[in-house]
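Number of protein chains: 2
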Amino acid sequence: MTDTLSVYSAEHLHELGVRLFVACGAPAAEAELVAGHLVEASLMGIDSHGVVRFIWYVEQCLEGRIHPGAPVEIMRDKGHVALVDCGMNFGQIGAGKIVDLVRERAQKGGIAFATSRHCHHVGRLGAYPQALAEAGLFGFAVANSQRHGHFVVPWGGREGRLATNPLAWAAPTEGEPMLLDMSTSMTPEGKIRTALHAGQSMPEGRILDAEGHPTTDPNAFYGADGGPPEGAILPFGGDLGYRGFGLGLLVEVLGASIAGVELGEAEPIPYINGFSLLAIDPGAVTGDSARFAALTEELKAYITGTPPAPGSNEVILPGAREFRTLRQRQRDGIPLPAETCRLIAEVAARVQVRADL
Amino acid sequence: MTDTLSVYSAEHLHELGVRLFVACGAPAAEAELVAGHLVEASLMGIDSHGVVRFIWYVEQCLEGRIHPGAPVEIMRDKGHVALVDCGMNFGQIGAGKIVDLVRERAQKGGIAFATSRHCHHVGRLGAYPQALAEAGLFGFAVANSQRHGHFVVPWGGREGRLATNPLAWAAPTEGEPMLLDMSTSMTPEGKIRTALHAGQSMPEGRILDAEGHPTTDPNAFYGADGGPPEGAILPFGGDLGYRGFGLGLLVEVLGASIAGVELGEAEPIPYINGFSLLAIDPGAVTGDSARFAALTEELKAYITGTPPAPGSNEVILPGAREFRTLRQRQRDGIPLPAETCRLIAEVAARVQVRADL
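Sequence order for the protein chains is A and B.
With my numbering applied, the first sequence covers 1 to 357.
With my numbering applied, the second sequence covers 1 to 357.
Careful, some of the hints might be misleading.
Pairs involving identical chains hold if they fit within one copy or between any two copies, as the list cannot separate such chains.
Claimed, not checked - With a cut-off of at most 25 angstroms between alpha-carbon atoms, the simulated DMTMM-like pairs for lysine to aspartate or glutamate come out as follows:
1) Lys-191 x Glu-32
2) Lys-97 x Glu-73
3) Lys-191 x Glu-230
4) Lys-78 x Glu-11
5) Lys-191 x Glu-104
6) Lys-108 x Glu-32
7) Lys-191 x Asp-217
8) Lys-78 x Glu-339
9) Lys-191 x Glu-15
10) Lys-300 x Glu-211
11) Lys-78 x Asp-100
12) Lys-108 x Asp-77
13) Lys-78 x Glu-189
14) Lys-300 x Asp-225
15) Lys-97 x Asp-288
16) Lys-300 x Glu-230
17) Lys-191 x Asp-239
18) Lys-300 x Asp-239
19) Lys-97 x Asp-239
20) Lys-191 x Asp-225
21) Lys-97 x Glu-159
22) Lys-300 x Glu-159
It is worth saying that the hints were derived from the structure and are not from the lab.
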């Protein structure tokens, strides 16, 4: 299944996103923020978390699962630790307020941690530690997902008990931040569905069939009836996958248990992502706020100066590829598959917005 | 190279460790703490970080690299963030004071982070978040190493730029804590040396030769002259090893850069581990200090209830295997290879201690 690509400017897609979310009832400033977040993900080449999400977000608004304009409220505030009720507004609104909160607290007192309740999809997780790094802070974020996303097996198991549970961290340098945004599983479910639709196999070591046997066949993951998956995804790490499992469990504990969220709270769906964010001010640690970026810059030079292995062109930092794509797509535009354009136009029509795609 | 094993009680080895470190000049209470740490690692089956380290620690004392009894001092204290000078005392002494510091601060204000300067080898990294979990807190620790331990390549590189950079986290349940203690590389160097001595191959996907080609031959890692390694170790993650590289870099940034430590400070050796520790009090987040352990207990049941995959007997939590070994070895004793006993006796004789091994 190949798909022709059309190219749109970030501005065009941003403006469309704003109109869509305003049509769903979002205040203009919040619609700007959500659209900006999704367009930035597309600019960075993280298309799975980019403007394609216009579709699902509008659907979720129409189904009453996202509550545009809902207040985000601090439920509990201990100064350096806080619990934030995101009110089932767009996840970016709650997570954005959490960024503001931990940034301000860490800038004052060196460190802050906040976690969430009733948080919808936060989108590109790396955006939040990145925002902290842009303010000179170290940032670390996790996002778990509710039970119906539990496709990932614990090490040695054959049924899913965790979601793909990403974690992300960022740190300032004197240039672009270092930025790692990774799943703790071997693959997102989306890639398996893409392979299914394309009639392709998955790489080895990604998925199990319904009986827990390794497979590369997407059909064996989804089962015969195309319903909810019968197979499962392996934790990150291949033959050392107990480590990836342990990292996935870290995300679960730090994203949900620490916020007081029960596993059983997953029905009826009260959240999408259990989102938590840590900020540390390196300037508070050493008393010299410029020193940290100077040292990470030195580290960057040391790392990127590594002679490449055979078959590799260069050694780059985590995030560098995404920042390159950002610059390229800011210049050349964002490519969208025809099918994505069609689905966006379709959902736009449901809220009386003309998509112009 | 097979080796006969002799079995000793934890008490016997603990008492020997205390005598060794006192003979090196350590105050009795500090010798107790270091010996206890190493014996516990052996009890848990983490033999590479157990009583075998009696040998190296005594040597390091004799060479003036460990300064027994040296004061551990808070260099900078911002309440929830601190920088601690470990004075090149045994790493366990500095790290132990950091545990006390962050535990107390987190219990008062919800969160604390401390990092180190001049810290020798901290031993089993998991011990520190575990101590926090035993006090009802969430704990997260990292330890980087100085430049001469940089055997691990950045993703796509052929020369080492990072150490095996472990990270560890722990959380309380109503029983044993969840405890993950993992390297961010595919193997510790020690396993390659063991394979070299045993004339065995390494598993696929662990190491590179001097030209950056994948190899399973330990000789290709160490090079012809048996000097410092010419090859390198791959970052954790197989074909997704850019993630393991990103985690290794996290450890570097959070273990060293954040403490203001320059890469160049590695010569002459001013530290062994750049150790940092984070504590969060889940009770401060939700206002209900029992809730977190109840939820992690529920999560434990959900995870360990996963049907095993073919070839697997059960699904266990990170750390569960080590706690089982701990109980078994507390009962049956700690097995030590004859060569380890011989080397401990040899180093003991240098400080006029009779080993009785």
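These are the hints, each one checked on the structure:
For a Cα distance limit of 25 angstroms, the shortest separation of Lys-191 from Glu-32 qualifies neither inside one copy, at 29 angstroms, nor across copies, at 53 angstroms. Proximity of Lys-97 and Glu-73 under a CA criterion of 25 angstroms is satisfied intra-copy only: 9 angstroms inside one chain copy versus 37 angstroms between copies. In the homo-oligomer, the alpha carbons of Lys-191 and Glu-230 lie at most 25 angstroms apart inside one protomer (16 angstroms), although the nearest pairing across protomers, at 38 angstroms, exceeds that limit. In this assembly of identical chains, Lys-78 and Glu-11 lie within 25 angstroms of each other by CA distance neither inside one copy nor across copies; the values are 40 angstroms within and 44 angstroms between.
For the identical chains of this complex, Lys-191 and Glu-104 are neighbours neither inside a copy (38 angstroms) nor across copies (45 angstroms), given an alpha-carbon limit of 25 angstroms. In this assembly of identical chains, Lys-108 and Glu-32 lie within 25 angstroms of each other by CA distance neither inside one copy nor across copies; the values are 28 angstroms within and 39 angstroms between. Only within a single protomer do Lys-191 and Asp-217 lie at most 25 angstroms apart by alpha-carbon distance; the minimum there is 12 angstroms, versus 35 angstroms between protomers. Taking CA atoms no more than 25 angstroms apart as the test, Lys-78 paired with Glu-339 passes in neither setting, with 48 angstroms inside one copy and 54 angstroms between copies.
In this assembly of identical chains, Lys-191 and Glu-15 lie within 25 angstroms of each other by CA distance neither inside one copy nor across copies; the values are 29 angstroms within and 56 angstroms between. In this assembly of identical chains, Lys-300 and Glu-211 lie within 25 angstroms of each other by CA distance solely across copies; the values are 23 angstroms between and 45 angstroms within a copy. Within a single copy, Lys-78 and Asp-100 get their C-alpha atoms as close as 16 angstroms, and across copies as close as 21 angstroms, so both meet the 25 angstroms cut-off. Taking the closest pair of Cα atoms, Lys-108 and Asp-77 come within 25 angstroms of each other both inside a single copy (15 angstroms) and across two copies (14 angstroms).
Taking CA atoms no more than 25 angstroms apart as the test, Lys-78 paired with Glu-189 passes in neither setting, with 37 angstroms inside one copy and 44 angstroms between copies. In this assembly of identical chains, the alpha carbons of Lys-300 and Asp-225 never lie at most 25 angstroms apart, being 50 angstroms within a copy and 32 angstroms across copies at closest. Taking identical chains as interchangeable, the C-alpha atoms of Lys-97 and Asp-288 lie at most 25 angstroms apart only when they sit on different chains, with a minimum of 24 angstroms there against 27 angstroms within one chain. Proximity of Lys-300 to Glu-230 under the C-alpha cut-off of 25 angstroms is restricted to the inter-copy arrangement: shortest distance 23 angstroms between copies versus 44 angstroms within a copy.
Both within a single protomer and between protomers do Lys-191 and Asp-239 lie at most 25 angstroms apart by alpha-carbon distance, with minima of 21 angstroms and 16 angstroms respectively. In the homo-oligomer, the alpha carbons of Lys-300 and Asp-239 lie at most 25 angstroms apart only across protomers (23 angstroms), although the nearest pairing inside one protomer, at 30 angstroms, exceeds that limit. In this assembly of identical chains, Lys-97 and Asp-239 lie within 25 angstroms of each other by CA distance neither inside one copy nor across copies; the values are 40 angstroms within and 36 angstroms between. Within a single copy, Lys-191 and Asp-225 get their C-alpha atoms as close as 19 angstroms, which meets the 25 angstroms cut-off; across copies the closest is 47 angstroms, which misses it.
Proximity of Lys-97 to Glu-159 under the C-alpha cut-off of 25 angstroms is found in neither arrangement, the shortest distances being 36 angstroms within a copy and 42 angstroms between copies. Only between protomers do Lys-300 and Glu-159 lie at most 25 angstroms apart by alpha-carbon distance; the minimum there is 15 angstroms, versus 41 angstroms within a single protomer.
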